[in-house]
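Novice: If you want the building blocks of each chain, they are given just below.
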Amino acid sequence: MERELRLMKGNEAIAEAAIRAGADGYFGYPITPQSEVLEYLTMEKPHERTGMIILQAESEVAAINMVYGGAACGKKVMTSSSSPGISLKQEGITYIAGAELPCLIVNVVRGGPGLGTIQPAQSDYFQATKGGGHGDYKLIVLAPASVQEMADFVELAFDLAFKYRNPAMILSDGAIGQMMEKVWLKPQKERSREFPEWATTGKTPDRERNIITSLNLDPNKQEDFNHKLQAKYREIEKNEVLYEEFQCDDAEYLFVAYGTSARVCQKAIELAREEGIKVGLLRPITLFPFPTVIISRLADQVKGILTVEMSAGQMVEDVRLAVNGKIPVEHWGRMGGIVPTPEEAVENLKSKIIGG
Amino acid sequence: MSDNITKGKMIKPENLVYTKSRVMTDNVTSYCPGCGHGTAHRIIAEVIEEMDIQSEIIGVAPVGCSVLMYDFLDLDIQQAAHGRAPAVATAIKRLMPEKFVFTYQDDGDLAAIGTAETIHACNRGENIMIVFINNGIYGMTGGQMAPTTLEGMKSSTSPYGRDVATMGNPLKMTDIVATLPGTYYVTRQSVQKPANVRKTKKAIRKALEYQKLNRGTCFIEIVSNCPSGWKMTPVESNKWMEDTMFPYYPLGDFKVPEED
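Protein chains in written order, with the numbering used here: chain A, 44 to 399; chain B, 6 to 265.
Be a bit skeptical, because a hint or two may be false.
Covered stretches of chain B, as calculated for chain A (at least 3 residues, CB under 8 Å) [as the list claims (entries may be wrong)]:
1. 59-68
2. 87-98
The calculated EDC-like cross-link candidates involving lysine to aspartate or glutamate, where the alpha carbons are at most 20 Å apart (straight line), are [claimed, not checked]:
3. A/264 / B/76
4. A/346 / A/292
5. B/104 / A/237
Calculated from the structure, these hints are not laboratory results.
No residue lacks a Cβ here, since even glycine has one placed at the ideal position from N, Cα and C.
From just these sequences and the hints, can you work out the full model?
Specialist: If you want it as structure tokens, here you go:
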């Protein structure tokens, strides 16, 4: 299958990109606004195209544990869900992190807490970047801002997951999942026939048995393991930060926003600049690792930062840590499934940062 | 026995009646004296050795006393979250259908927290073997009430005996899964006597033979004892199991394939 231009929903792009990235298995459960991933995959019969396995599990809990089982065999496996479903998956995610297994988890975020709403939100930032489940662990978190990035980040997430033996998450939202845009799809990649040396594939006489577990009854060993995990996370922070700068060169003020909010901010910048306000945008693409260094550097250039998030203000904490008190950092956002408008963003930049 | 008689001098081909399966590791098990887990592990290892499938089988360990199964069986093993082994095994088998896959689960794991995973894996007819150790108690956490704890049976969370009016009834999972079209072979066995051990071993062998033929889920319950949790000697616990557990959990086949 060749490189191809298609008009697709973000959720469909994830599904098609997974087939083309040579994924071995997808295990999911329906929930709005991400059900198109599972629907597309079952319609597409990837088993006939590439041999990829698709299974609708009995719950999100079962689905993430299927991902555990498949990942522990060294297979390229994934699941997707939306906020309430991702909460259910947290047990499995922390086991996957604890057993150092590579996999992809997609969260097409909707408003919360509880059953909340089916409309887009960014209120799962803490859950995605600060752990979510129990114990000290990190996911590699990618935040797409377009349907194209929904497709592109599937392969990127798998590559990073296998490079570091760590679960990776695409943190999207209901807007990007549901909207249609043109997207360039990559050519079909062959599914890997090689297994990592740690995979449980059956104990052969030439090696010791492979054990996948997150259990250490000896606290000293568990502490050693925690140190090892932390060293890995520091390595990821050193090597894998991704971000995009938009009109930052002459900026006197800065928006920091990811995903849908970043697109709102791009329009807000256009409006603000018409009024002579020199504002730029720093868009984190990786939320973990967070683009701390560039934000700290920009804090030496601009007079104030406004984070725009579809939440009560979560990423703003990481921006403040990066800025470390050098300049004012404020948050403005909408909650409960409402997408902010560019006009509101400009107003809040004026009232919270420029006027402040 | 005098110290100068070494193991090497004692073991001669003419007096050798038993040997440890090479699918068992040399590690000392963490099981209490008299517990059925060790025997259940051994017969699984023996069947795998006899079928010569050590390099083709992947096991899934539960959370419970047998969480450390991977220390005792010389196999590739994944340790699953509590109750999730059938979901984990589902994916392994779907992704590597040419391999043998089995789960080994205790009653709390399989019949309480993992009820949904158990029933749905069986209902899909996942081509796996589920070995279910039922001793009516949570052993690893110190003897709490299990879904299979009998009426009136004392545990650390039913200290006055299980009152079914408030604590629910002991769950017969094997009876339930036998009603599902996805299961192919369902049986309840035990390992407290050589004759029963032989029967259970035969059941495990059959289940793996059926798996080779892609027949569906094979489910083997092993009613077992918990001397520590029940606060009995091993001998007492086996007698209590026979007198009290077996009437509620009668041994025998629930679903036998027609090809037998």
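Novice: Does residue 237 of chain A sit within 20 Å of residue 104 of chain B, going by the straight-line distance between their CA atoms?
Specialist: Status holds; Cα separation ~16 Å.
Novice: Are three or more residues of the stretch 59-68 of chain B within 8 Å, CB to CB, of chain A?
Specialist: With 7 residues in contact (Cβ-Cβ under 8 Å with chain A), the coverage given for the stretch 59-68 of chain B holds.
Novice: So if I understand the rule, the pair passes when the alpha-carbon distance is 20 Å or less; does residue 346 of chain A with residue 292 of chain A pass?
Specialist: holds (14 Å)
Novice: Is the listed coverage of the stretch 87-98 of chain B by chain A valid when you require three or more residues with a beta carbon under 8 Å from a beta carbon of that chain?
Specialist: holds (count 7)
Novice: Can the restraint linking residue 264 of chain A and residue 76 of chain B be considered satisfied, given a maximum Cα separation of 20 Å?
Specialist: Holds, because 16 Å separates the two Cα atoms, which is no more than 20 Å.
Against the hints set out earlier in the document, no violation occurs for any number.
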